Each structure stands twice: as C-alpha cells, then as structure tokens.
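Could you build the full structure based on these sequences and the hints that come with them?
There are 4 protein chains.
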Amino acid sequence: MHTIADVQSSKDLRNIPINQVGIKDLRFPIAVRSRSGIQHTIAAVTMTVFLNAEQKGTHMSRFVALMEEQTQELDAESLHALVQEMLTRLDSPAGKISLSFPFFRKKTAPVSGIQSLLDYDVKLSGEVRNGSYLHTLQVLVPVTSLCPCSKEISQYGAHNQRSHVTLTLQCRADVEIEEVLDLVESQASCQLYGLLKRPDEKFVTEQAYENPKFVEDMVRDIAALLRQDERIAAFTVESENFESIHNHSAYAMISHG
Amino acid sequence: MHTIADVQSSKDLRNIPINQVGIKDLRFPIAVRSRSGIQHTIAAVTMTVFLNAEQKGTHMSRFVALMEEQTQELDAESLHALVQEMLTRLDSPAGKISLSFPFFRKKTAPVSGIQSLLDYDVKLSGEVRNGSYLHTLQVLVPVTSLCPCSKEISQYGAHNQRSHVTLTLQCRADVEIEEVLDLVESQASCQLYGLLKRPDEKFVTEQAYENPKFVEDMVRDIAALLRQDERIAAFTVESENFESIHNHSAYAMISHG
Amino acid sequence: MHTIADVQSSKDLRNIPINQVGIKDLRFPIAVRSRSGIQHTIAAVTMTVFLNAEQKGTHMSRFVALMEEQTQELDAESLHALVQEMLTRLDSPAGKISLSFPFFRKKTAPVSGIQSLLDYDVKLSGEVRNGSYLHTLQVLVPVTSLCPCSKEISQYGAHNQRSHVTLTLQCRADVEIEEVLDLVESQASCQLYGLLKRPDEKFVTEQAYENPKFVEDMVRDIAALLRQDERIAAFTVESENFESIHNHSAYAMISHG
Amino acid sequence: MHTIADVQSSKDLRNIPINQVGIKDLRFPIAVRSRSGIQHTIAAVTMTVFLNAEQKGTHMSRFVALMEEQTQELDAESLHALVQEMLTRLDSPAGKISLSFPFFRKKTAPVSGIQSLLDYDVKLSGEVRNGSYLHTLQVLVPVTSLCPCSKEISQYGAHNQRSHVTLTLQCRADVEIEEVLDLVESQASCQLYGLLKRPDEKFVTEQAYENPKFVEDMVRDIAALLRQDERIAAFTVESENFESIHNHSAYAMISHG
Chain H
57 MHTIADVQSS KDLRNIPINQ VGIKDLRFPI AVRSRSGIQH TIAAVTMTVF
107 LNAEQKGTHM SRFVALMEEQ TQELDAESLH ALVQEMLTRL DSPAGKISLS
157 FPFFRKKTAP VSGIQSLLDY DVKLSGEVRN GSYLHTLQVL VPVTSLCPCS
207 KEISQYGAHN QRSHVTLTLQ CRADVEIEEV LDLVESQASC QLYGLLKRPD
257 EKFVTEQAYE NPKFVEDMVR DIAALLRQDE RIAAFTVESE NFESIHNHSA
307 YAMISHG
Chain E
57 MHTIADVQSS KDLRNIPINQ VGIKDLRFPI AVRSRSGIQH TIAAVTMTVF
107 LNAEQKGTHM SRFVALMEEQ TQELDAESLH ALVQEMLTRL DSPAGKISLS
157 FPFFRKKTAP VSGIQSLLDY DVKLSGEVRN GSYLHTLQVL VPVTSLCPCS
207 KEISQYGAHN QRSHVTLTLQ CRADVEIEEV LDLVESQASC QLYGLLKRPD
257 EKFVTEQAYE NPKFVEDMVR DIAALLRQDE RIAAFTVESE NFESIHNHSA
307 YAMISHG
Chain Y
57 MHTIADVQSS KDLRNIPINQ VGIKDLRFPI AVRSRSGIQH TIAAVTMTVF
107 LNAEQKGTHM SRFVALMEEQ TQELDAESLH ALVQEMLTRL DSPAGKISLS
157 FPFFRKKTAP VSGIQSLLDY DVKLSGEVRN GSYLHTLQVL VPVTSLCPCS
207 KEISQYGAHN QRSHVTLTLQ CRADVEIEEV LDLVESQASC QLYGLLKRPD
257 EKFVTEQAYE NPKFVEDMVR DIAALLRQDE RIAAFTVESE NFESIHNHSA
307 YAMISHG
Chain R
57 MHTIADVQSS KDLRNIPINQ VGIKDLRFPI AVRSRSGIQH TIAAVTMTVF
107 LNAEQKGTHM SRFVALMEEQ TQELDAESLH ALVQEMLTRL DSPAGKISLS
157 FPFFRKKTAP VSGIQSLLDY DVKLSGEVRN GSYLHTLQVL VPVTSLCPCS
207 KEISQYGAHN QRSHVTLTLQ CRADVEIEEV LDLVESQASC QLYGLLKRPD
257 EKFVTEQAYE NPKFVEDMVR DIAALLRQDE RIAAFTVESE NFESIHNHSA
307 YAMISHG
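Residue numbers (the numbering used here), protein chains in the order written: chain H, 57 to 313; chain E, 57 to 313; chain Y, 57 to 313; chain R, 57 to 313.
The hints are simulated quantities; they were obtained by calculation from the structure and are not laboratory data.
Watch out, some of these pointers could steer you wrong.
No copy labels: a pair is met if it fits in one copy or bridges any two.
What the hints assert, rightly or not - Calculated lysine-lysine pairs in the DSBU-like style (CA-CA distance at most 35 angstroms, straight line): (1) K179 to K253; (2) K253 to K67; (3) K253 to K163; (4) K67 to K112; (5) K162 to K253.
Since the model is a prediction, treat every value here as computed from it, not as a measurement.
What follows is the structure, encoded as structure tokens:
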C-alpha cells in the first residue's frame with residue numbers, strides 16, 4: 057500500500073488557499089441529545105476545512121472516517137469536540153461541520169390532551185474561524201399564520217396557511233432546540249399538531265382567527281423576544297407563508313447582531 | 057469516423073427486450089400552442105423507445121438530435137408527429153415522449169378586474185404501445201381548499217390552505233389545457249390569483265368560506281364532471297391539501313376507466 | 057365533546073366512491089427490522105383507504121393515531137398487520153400504507169477492509185385490493201456505471217458516473233432488503249462505498265473499467281436474475297445514469313409480470 | 057373600495073424595522089438579453105424591501121404588479137431600473153430583486169461540429185443597501201471532473217462524474233453570462249454537451265483523462281482567473297462533485313473580496 061502515490065499531499069504552486077474543502081451531503085444516522093432525551097434520526101452532514109496554499113488536496117476519506125468513528129450523542133458540546141478532532145486529523149486551523157436532520161417532539165393536543173409527534177428541521181453547525189469557535193443553531197418551525205387584513209376586511213373567514221418560520225441563532229451559551237420551538241410556536245397564529253380530535257380542531261381554528269399575524273408580525277414578535285436573550289449573540293428570523301390565496305409565498309426576514 | 061466501433065449496434069445474447077430506454081430530464085426550451093396562443097416555456101423532456109432483445113443498445117444521441125431539429129409548436133397533434141418520427145429514427149415499434157413544463161395564463165381578479173399570470177404544471181405525454189397511440193394530458197392546478205368540518209364546528213373562522221389538484225387524462229379527442237384549468241378552478245373552495253387588491257382579497261376570503269370542501273369533495277366533484285366528457289377515455293383526479301393545521305397533507309384520489 | 061358535529065360521517069349523495077383517501081407525507085421515526093438487525097430511521101408515510109360512495113369523508117385523525125400507537129419494528133409481517141388494523145379502524149375493505157425511508161448498511165472496502173455505512177432509499181408498501189394483500193418492496197441503489205462505448209472507442213479512459221438503480225418488487229414471499237442490495241451491486245460496473253482508502257480507490261477504478269455497462273446492460277442483467285426468483289411475482293427494474301458527459305440522464309426500464 | 061380598511065398601513069408600535077419583506081418564489085416568464093441574443097425562459101422571482109419600524113406591513117400586491125407591468129428584457133441595466141422602480145413604489149430606501157432561471161446556449165460538438173443546447177442555472181440579483189447598488193451574477197455550470205488520484209494510482213481508467221461549479225460574482229461593470237460559462241468550461245476536466253456523436257464522445261473521454269482535476273484544482277484555477285478581472289469586486293467559486301465512487305459529494309469553495 058505504501059507504494060501508491062499520494063497525489064493530494066503534493067505541493068501546490070498556484071498560491072491560493074481554499075476557504076472550505078471537504079465532503080457535502082453525507083447521509084448518516086445520528087443520535088441527538090436534547091431536553092426531551094436522546095432521539096435517533098438521519099442527518100445530511102457537510103464537513104469542510106481550510107486548506108493552505110501549499111497543499112494540493114485535502115484527505116477526503118478522513119472526514120468520513122471521523123463520522124464512522126464518532127460515538128457520542130450529538131449536542132452543542134460533542135459537536136464542538138468533533139470539530140476540534142476534525143481540525144486535528146486534517147491538520148487545519150479552521151473548519152466547519154453542519155448536520156441537518158429532522159427532529160421530533162411529542163405534543164399534546166389543546167383540548168383532548170391526545171399526544172402526537174411533530175417534525176421540525178434542525179441544523180447544527182460548529183465552526184472554527186480566526187481562532188474562535190462559533191456554534192449556530194437553525195430551526196425550521198412549521199406553524200399556522202392567519203392574515204389580519206383578510207380577517208379585517210371580510211364579513212367572515214380569513215385566509216390562513218402553513219408557514220415556515222426559520223431561526224438561525226449564534227449562541228454564546230447553550231440554547232435547547234425545544235426552547236426555540238416553544239418560542240416560535242407561542243408567537244404564531246396557531247401551532248401545528250400531528251393529531252387533532254374535533255374539539256381540538258375547533259380550538260386551533262378559533263385560536264388562529266383570534267390571533268391574526270402578518271408575515272411581518274411573526275418576525276417582529278419573535279425578534280423582540282430574541283433580542284432579550286443574552287445567550288444569543290446574533291440571529292436571523294425568517295418567515296415564509298405559503299399563501300392559500302396565491303401560488304407564491306409572502307416572506308419577511310429580520311437579522312440582528 | 058466510420059472506423060469507430062458501434063458498440064450499441066452489436067448483437068445481444070441475453071434475449072431480454074427492454075420496455076423503455078432513452079433519455080430522461082433533458083431540459084429544453086419549447087413553444088406550447090394552446091387556446092390562449094403560443095407561449096415560450098422550459099420543459100423537462102423524457103424520450104424512450106422499446107428495444108428488442110437482439111440489440112445491445114439504443115442510440116441515445118438520436119433522441120437529443122430529434123429535439124434539436126424539431127421546430128413545431130407543441131400541441132397534441134405535433135406531439136403525435138414527434139413520437140412517430142422518434143420511432144422511425146430509432147427503428148422501434150413502441151415508445152413514449154413526455155414533456156413537463158410550467159404553463160401560464162392570464163387571470164382577472166374577481167372585483168378589481170386587475171390582471172395577472174398564474175402558473176400551473178403541465179405534462180403532455182404521447183405513447184405508441186401495442187400499435188395504438190395514447191395521448192395523456194396531466195395538469196396540476198393550485199387552489200384554495202377550506203375545511204367544512206372546521207367551519208361547522210368553530211364559532212368563527214375555518215382552516216384553509218393551498219391544495220394541489222392533479223388531473224391525468226387519457227384523451228380520445230383534443231382537450232385544451234385551459235378547459236382543464238377552468239374545470240378544476242370552478243370546483244375548488246376558491247381559485248388562486250397572482251395579484252389581488254383588497255376588494256379582491258375580501259371576495260376570495262368570503263368565497264372560500266361560503267364554499268367549504270373536503271379533499272374528498274374536491275375529487276368527487278371533479279370526477280362527476282369528467283365522467284360526462286366523452287372525449288376522456290380514462291382519468292385520475294388527485295387532491296393534496298397542505299393542511300394549515302398539520303405538517304402533513306390530506307390526500308384523495310379517484311381513478312376511472 | 058359529543059355535541060360537536062361529525063361532518064365527515066354525514067351521507068354523501070354524489071354516488072362516487074373514492075379509490076384512495078387519507079394522509080400523505082407524514083414524517084415519522086420508525087425502527088426497521090432487516091437481516092442486519094434493527095435500525096432507527098425516519099419515514100415519509102402515506103396511508104389511504106377506499107371510501108364508499110355513501111360516506112362524505114374519512115377520519116383523517118385515525119391514520120395518525122394508528123402510527124402513534126403502533127410499536128412494532130417494521131418488516132413485511134408487521135406492515136401486513138398494520139394495514140389490516142388500518143382497514144378495521146377506518147371500516148374499509150381496501151387500503152394501502154407506504155413508508156419511504158433511508159436505509160443504511162455497513163460495507164467493507166474491497167482492499168483495506170475498512171468499514172463504512174452506505175445509504176439507500178427504501179419504500180415498503182402493503183395494500184389490500186379486491187380482497188388480496190400485495191406486498192411491494194422498492195429499493196433505490198446508487199452504483200457506478202462505466203460506458204462500454206466510451207471505453208471501446210477511446211485510447212484511454214472511459215466516462216463513468218453515479219447511477220440510480222431502482223427495483224420495485226411484488227413479492228410472494230419475504231425478500232430481504234439486503235438481498236436486493238447485493239443483487240444490484242453485483243451487477244453494476246462497480247458498487248459504491250462511503251469510505252475508501254487509496255488501494256480501495258485503485259481497486260474500484262480498475263473494476264469499473266474492467267466491467268463496463270450500458271444502462272441497457274444494467275437492467276437486463278438484473279432482470280435476468282429476478283426472473284429466476286420464484287418469490288417475485290412481478291418486478292420493474294429501472295436505471296438512471298447521471299451521465300458525466302451530458303446534463304441529462306440515460307434511462308432504461310424493464311417491467312415483468 | 058376606499059372604505060376597506062388598510063391594515064398594512066396602520067402604525068406599528070414594536071419599534072423593530074424589517075430587513076427584508078416581500079414575495080418569494082413567484083414563477084414568471086421572462087425574456088433575458090445576453091451576448092447571444094434574447095431568450096425566453098421562466099424565472100423564480102423574489103422581491104423584498106426594507107420596512108421601517110413605524111409601518112405595520114408592506115404592500116404585497118405592488119411587487120406582483122411591478123412584475124406584471126414591466127416589459128423590458130432582463131439584463132444588468134434593466135434589473136437596476138426595476139429595483140429602483142420597486143423602491144419608489146414601495147416607498148423604501150433599500151430592497152432586492154433576485155431572478156433564478158434556466159439559461160441555454162448553443163454549443164458545438166468538438167469533432168463532428170454538430171450543435172445542441174446546454175442548460176445552465178443563472179441567478180441575477182440587484183440590491184440597494186446603504187444607498188449603494190450591488191449587482192450579483194450567479195451561474196451554475198455543470199461540467200465533467202476526473203480524479204487525478206484515481207488516474208495516477210490505477211493501471212487504467214479514472215473515476216469521473218458530473219460536477220456543479222457555481223460562481224457568484226459581485227460586478228463593478230457588466231459581465232456577460234456567456235463569459236462566465238466560457239471561463240468555467242475552460243477550466244473543467246471537460247465540458248458537457250447535449251449532443252455528441254461517437255467521435256465527439258471519444259474526444260471528451262480522452263480530454264477528461266488528459267486533464268484530471270481535483271475539486272480543489274477546479275476552484276483554484278477559476279479563482280486565479282477571476283482575481284485578474286477588474287470588473288469583479290468580489291466572488292465566490294464553489295465546486296460540488298457528485299462522486300461516481302461514493303454516495304456523497306466532494307466540495308470546495310474559495311471566497312474573495
């Protein structure tokens with residue numbers, strides 16, 4: 057084996073460093089640790105490092121080997137360790153790991169009390185850049201939005217729809233996924249459930265009608281709460297409403313810090 | 057050039073014919089002829105032929121060459137001719153061409169009269185099988201659906217959402233795309249528009265509330281109309297409602313003929 | 057609660073039965089039982105039943121409730137039981153459950169012996185129609201294909217690419233997912249691995265070059281094997297090659313039984 | 057009409073401005089002007105403006121109205137005018153329009169000289185921020201990449217695959233889409249074609265083999281050229297190789313300026 061040429065390790069003469077190089081969209085089973093316990097899910101993993109100007113190529117197999125060998129449940133702390141281990145193995149001063157996965161939690165229907173799972177899209181990223189470590193938590197929360205204008209101007213009814221609210225948080229201290237879900241769901245016209253009995257359906261219908269929100273209201277009300285949280289160094293909050301009266305989306309974004 | 061081996065034309069000994077072989081998802085600009093005139097759009101094109109047991113491979117470049125050379129606006133008639141030309145060039149007794157593309161039409165807002173485009177997904181397929189020619193028209197129409205149960209049981213409001221109604225029609229005679237759009241939109245809780253002024257928004261909100269439909273109602277009401285149309289040899293009607301109170305869809309399908 | 061109207065259970069007068077009605081794309085964590093053990097994964101679940109002409113609507117919440125309550129690892133047998141239970145709860149003579157999920161298995165690199173996971177897309181479907189039960193196993197296997205024509209006509213090299221081979225099997229008896237993976241991977245120009253060291257990369261490069269296959273060869277060689285398997289009542293085998301020299305795919309399909 | 061409440065125009069008390077609010081993913085037919093003439097295509101359009109803290113909501117219909125009324129062929133100049141007109145109509149000091157669309161150009165096969173279209177993904181963005189106007193051109197170019205390591209260590213053959221090279225350019229002066237396509241295609245192991253005859257296939261197979269490139273080489277060679285272009289204020293170049301020996305991608309990115 058030692059006689060096989062190592063092309064990647066040869067010297068590069070173009071004098072151009074590479075910001076990020078590695079593997080993208082490796083599908084991998086992971087265990088996520090969160091406030092509600094450990095859950096098994098499937099991640100799309102992207103792992104990249106900085107490559108200095110002198111080196112022709114990175115060692116792609118080391119990224120996959122690292123995922124194969126790691127046995128920790130994923131949380132903010134173990135992700136930090138994983139990023140450090142990647143930098144060591146790839147001999148690089150900077151790099152990033154992102155894991156995107158569906159996350160579930162058990163919800164309780166508002167009247168019947170019946171329980172069911174709801175699915176969210178979560179992305180955890182850890183990055184070393186310029187010697188500092190950055191942890192980013194992104195959560196996509198599907199909710200109901202009901203249009204205040206439609207309600208106000210119509211004799212009855214109001215158009216409503218599913219919306220995707222996406223929070224991207226740069227955290228100084230640990231922020232639980234479930235906290236973010238709670239925060240977003242508390243600010244929607246109404247939250248979603250996997251399973252609703254008729255009294256629950258009555259409840260969510262009326263709650264959404266009592267609680268109309270423009271796409272602008274959604275991002276403002278969430279931003280107001282995030283700005284008070286000292287653990288959050290910077291955030292972006294986006295809402296995309298899949299309008300039930302159009303074939304395009306309404307969209308709003310607030311970025312802070 | 058004549059000295060380059062033609063591997064595809066060599067003899068195959070496995071004695072297994074291939075039902076369909078060709079190219080898939082060739083992106084190509086096309087001009088579509090319809091009742092409202094000619095429109096330029098972009099299609100994803102799939103072209104396949106039957107390959108007899110004796111031949112090792114088809115000639116992939118001929119499919120692309122055919123698309124490059126064809127200059128006709130696409131309609132039911134020109135698609136038929138295109139399929140026949142493909143079979144001639146590929147020397148095959150059977151084959152199929154499908155073109156999927158966004159289709160637009162100008163709509164007029166119900167109160168203000170303001171005009172705007174709405175986009176639909178259309179798929180035209182022509183196939184020769186067992187010596188017969190089959191023309192299939194598939195149209196995906198986005199509409200508003202409003203839940204009758206939610207309306208009935210709630211003091212005010214009713215959950216509604218965008219729905220995708222998909223009709224797949226095997227036609228004996230020409231059926232215009234616009235006819236299908238009209239048919240589906242007439243049966244929805246309300247139809248969609250690109251552009252609505254406030255009086256229009258009031259109108260569509262109230263119309264949807266006055267006209268609640270389960271996913272079951274949508275497919276039944278459309279099926280009832282399609283069954284009366286003698287030009288339609290067979291059909292499937294599907295509706296997928298992107299429920300505003302859940303994170304999954306409600307779905308119904310009726311197949312006939 | 058008992059005073060809330062049950063709109064779905066009211067009488068329908070249109071006299072049109074519905075072939076399939078239910079929920080679509082419910083995302084749900086599942087445990088899959090296979091030859092290599094039990095694995096946790098995330099499924100997209102579609103559950104539908106036949107609805108007779110007299111009934112206005114099905115009971116959507118019962119589908120989700122069934123998923124919430126079921127505790128069995130998924131395999132052919134437990135899927136059959138789940139379909140039966142769905143028909144009982146929905147009081148319907150016919151219906152279908154499909155679960156699509158990523159499936160992983162540990163593979164061993166051909167020279168170094170290093171192990172890594174590879175991911176596949178699997179769909180299990182169970183359906184009762186006309187009183188009979190049908191089990192369908194669909195597996196998408198990513199492989200390498202290398203073009204025989206390109207190899208033959210070129211002085212050196214040959215274009216190759218990732219291909220998706222999809223088998224859809226109607227099974228009379230139990231067929232393990234891993235058996236299908238083995239069958240497809242044995243017939244490709246070369247199989248894929250998550251992790252390859254340099255001696256492995258040399259091996260797979262040379263193996264693919266020694267083993268060129270047209271998209272036609274791939275489906276024929278697999279069909280030849282499937283036709284000999286008495287457990288398989290009917291099958292479709294498709295291959296889509298994401299051509300490295302074009303921006304479209306080559307495609308072939310054989311359907312049998 | 058004047059008696060209908062204008063909820064959006066009411067006063068907002070939360071004191072939170074919104075960075076971007078508007079419409080997302082409006083599908084719309086456009087005509088694009090480029091060096092090779094005018095072509096008709098279909099865009100996904102996103103249009104947003106800054107909303108000051110005092111205003112409750114933007115006027116969503118004005119975005120769509122603007123697209124409906126605009127009649128110019130799209131190029132850098134007309135996009136700039138469109139952004140300015142949007143800011144005027146929405147009464148905002150900042151905003152952004154992005155249009156993503158498939159773009160085609162006629163290519164000539166390297167030996168036979170036969171012509172065919174190839175499709176690319178282009179995104180044009182114009183933004184006013186802090187009083188300055190920024191024009192961004194993004195182009196995704198599909199190419200062939202052939203692995204230098206695989207070639208070096210193997211007795212014959214080398215794994216190759218389709219790659220997506222994406223350039224995102226902030227331009228001080230006009231940069232034609234076709235220039236970017238030329239630049240990227242000149243640096244790939246080989247470029248793609250819609251239609252190749254056998255002598256062409258021999259040519260591209262051998263050319264790719266003679267011209268191996270790691271994902272790192274691709275982004276470095278392109279970055280070296282971009283850095284010399286004074287019209288380009290800043291750029292990002294990314295390459296994603298859909299590895300034919302793995303089921304994940306190799307990825308590299310260089311960002312500059």
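Here is how each hint holds up against the structure:
In the homo-oligomer, the alpha carbons of K179 and K253 lie at most 35 angstroms apart both inside one protomer (32 angstroms) and across protomers (29 angstroms), since each shortest distance falls under that limit. Taking the shortest Cα distances, K253 and K67 sit within 35 angstroms of each other only across copies (20 angstroms), while inside one copy they are farther apart (66 angstroms). Taking the shortest alpha-carbon separations for K253 and K163, only the intra-copy value of 13 angstroms comes in at or below 35 angstroms, while the best inter-copy value is 38 angstroms. For the homomeric pair K67 and K112, the shortest alpha-carbon distance inside one copy (6 angstroms) is at most 35 angstroms, but the shortest distance between copies (46 angstroms) is not.
For the identical chains of this complex, K162 and K253 are intra-copy neighbours only, at 16 angstroms inside a copy versus 41 angstroms across copies, given an alpha-carbon limit of 35 angstroms.
Every hint, counting from the list given before, is met by this structure.
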